[in-house]
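Under this note's numbering, the first residue of the sequence shown carries the number 1, and numbering increases by one thereafter.
No false leads were slipped in.
Below 30 Å or equal to it, Euclidean Cα-Cα: the simulated DSS-like pairs (lysine-lysine) are:
1. Lys397 to Lys278
2. Lys205 to Lys157
3. Lys479 to Lys359
4. Lys71 to Lys235
5. Lys467 to Lys258
6. Lys61 to Lys235
7. Lys154 to Lys36
8. Lys414 to Lys464
9. Lys404 to Lys467
10. Lys297 to Lys278
11. Lys120 to Lys152
12. Lys471 to Lys414
13. Lys485 to Lys414
14. Lys29 to Lys4
15. Lys467 to Lys456
16. Lys154 to Lys202
Simulated from the structure, these hints should not be mistaken for laboratory data.
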Amino acid sequence: MANKYILSIDQSTQGTKGLLFDSQGSLIKRCDIPHKQIIDNQGYVEHNPNEILQNTVEVVKLVVESAEINKDDIVGIGISNQRETVVVWDRQTGEPIYNAIVWQCARGRDITNRIERQNKGSLIRKRTGLHLSPYFSAAKISWILENVEGAKEKSVKGEICCGTIDSWLIFKLTGGKEFKTDYSNASRTQLFNIEELTWDRKVCKLFGINIETLPEVCDSNSYFGETDFNDYFSKPIPIHGVLGDSHAALFAQGCFNKGMIKSTYGTGSSVMMNIGEKPIFSQRGLVTSLAWGMDGKVNYVLEGNINYTGAVITWLEKDLKLIKSPEETQALAEQANPIDKTYLVPAFTGLGAPYWDSKATGIITGITRTTGRAEVVRAALDSIAYQITDIVMAMSKDSGIEIKELRVDGGPTKNSYLMQFQSDMLRIPVQVANIEELSGTGAAYVAGIALNLYEKEQIFSRIKRTKYESKMNSKEALKLYEGWKRAVSQVLMR
Numbered sequence: 001m002a003n004k005y006i007l008s009i010d011q012s013t014q015g016t017k018g019l020l021f022d023s024q025g026s027l028i029k030r031c032d033i034p035h036k037q038i039i040d041n042q043g044y045v046e047h048n049p050n051e052i053l054q055n056t057v058e059v060v061k062l063v064v065e066s067a068e069i070n071k072d073d074i075v076g077i078g079i080s081n082q083r084e085t086v087v088v089w090d091r092q093t094g095e096p097i098y099n100a101i102v103w104q105c106a107r108g109r110d111i112t113n114r115i116e117r118q119n120k121g122s123l124i125r126k127r128t129g130l131h132l133s134p135y136f137s138a139a140k141i142s143w144i145l146e147n148v149e150g151a152k153e154k155s156v157k158g159e160i161c162c163g164t165i166d167s168w169l170i171f172k173l174t175g176g177k178e179f180k181t182d183y184s185n186a187s188r189t190q191l192f193n194i195e196e197l198t199w200d201r202k203v204c205k206l207f208g209i210n211i212e213t214l215p216e217v218c219d220s221n222s223y224f225g226e227t228d229f230n231d232y233f234s235k236p237i238p239i240h241g242v243l244g245d246s247h248a249a250l251f252a253q254g255c256f257n258k259g260m261i262k263s264t265y266g267t268g269s270s271v272m273m274n275i276g277e278k279p280i281f282s283q284r285g286l287v288t289s290l291a292w293g294m295d296g297k298v299n300y301v302l303e304g305n306i307n308y309t310g311a312v313i314t315w316l317e318k319d320l321k322l323i324k325s326p327e328e329t330q331a332l333a334e335q336a337n338p339i340d341k342t343y344l345v346p347a348f349t350g351l352g353a354p355y356w357d358s359k360a361t362g363i364i365t366g367i368t369r370t371t372g373r374a375e376v377v378r379a380a381l382d383s384i385a386y387q388i389t390d391i392v393m394a395m396s397k398d399s400g401i402e403i404k405e406l407r408v409d410g411g412p413t414k415n416s417y418l419m420q421f422q423s424d425m426l427r428i429p430v431q432v433a434n435i436e437e438l439s440g441t442g443a444a445y446v447a448g449i450a451l452n453l454y455e456k457e458q459i460f461s462r463i464k465r466t467k468y469e470s471k472m473n474s475k476e477a478l479k480l481y482e483g484w485k486r487a488v489s490q491v492l493m494r
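Can you make the complete structure from the sequences, with help from the hints?
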């Protein structure tokens, strides 16, 4: 019997990955193509949507040819994508009317400030689960409508499409036949009513967005159309799995049940907890979104985002020159004086969840004459674990759920000192998955299960994990964490 394959596209902030999975769910090939980061002197961040589309087509050809498989054996496609980034394009011609505005770009701040002055922030949060912020898609779309010539008029007439990157790719790859998104991406736009599961007309009106210009919202494992990638394949292949990247990683981690939680350690960190089939609105600085929709049912998540986790290690390397590579941090942390009480609060651009203080600045405190290079490096690693702990504890309190373990992924999880310290602070096991490319894997698994190529229990039983369990005395762990909270309070008091 010939092997069958799932093709996964992971369209991320820095580039586009093509991933090929076999009929056992194993990743057999990965290829990457970066795209240009367009940043102006105001700090506005953009991508060229046509470059992303072209790279998507090219990376698919590259990964298939590099794997040396029969391309006719590919039976389905999954897509994971950078969230909140928006594209607005002409419905008739299919051409963008402006560059994609990237999730990092805060150019919509004047728009959100204007809505806040109308005292509508609490209404938006109640309906969408999200704090009013230019970080989300709504203000970015609104900015395009207000600043691009003719955009508002086209919007009123319904002559444009406004969507996230998944919608853009689906529209173009299907030749304009399908204009769709999934529940996970819709829930991050700040335009979607997460309880009624539909675009919210009142919220759309506040942002000046015609609801008719938004895509159809579908289950994450539904049929999104089919594509032959500009005649590259002899017959069209169905797209059957679409999720935002963090949601796809949550799925790949097997966090299907209420109370299961994962943390992705990247430049920053996304901590996401499955809270089941009913939303919980945080009282502790977290946001509520949809994990996904599957087979007519949705799951909700609490999420907290941290600005600086892996980026703290980059700061040690590139700016302070304390290390030559991230790999050095583990040995240095283990060599540090155990009685040293140095704390680093990496509020380089303010503090994210659960503090939400954009004016906070960083601090190093607790230094003594014995504090040296190793102690500062250890404090930097510890700050990652402390920030994750802050969010996990907030999630437990908001949900009323006792968290049993933390599933983790990302480059810094290779650091055994950091993983052990994380377990010590949380007092629960930390489980490091042995698979990489969690976002692309999640989208592939969703597509493969929908197409009956993969059996869910079997595919996830193959995933192995490295387990770290708490070893530190509970009194010592509490004392260290209380020291962290005191250090943070010094930043917040400024």
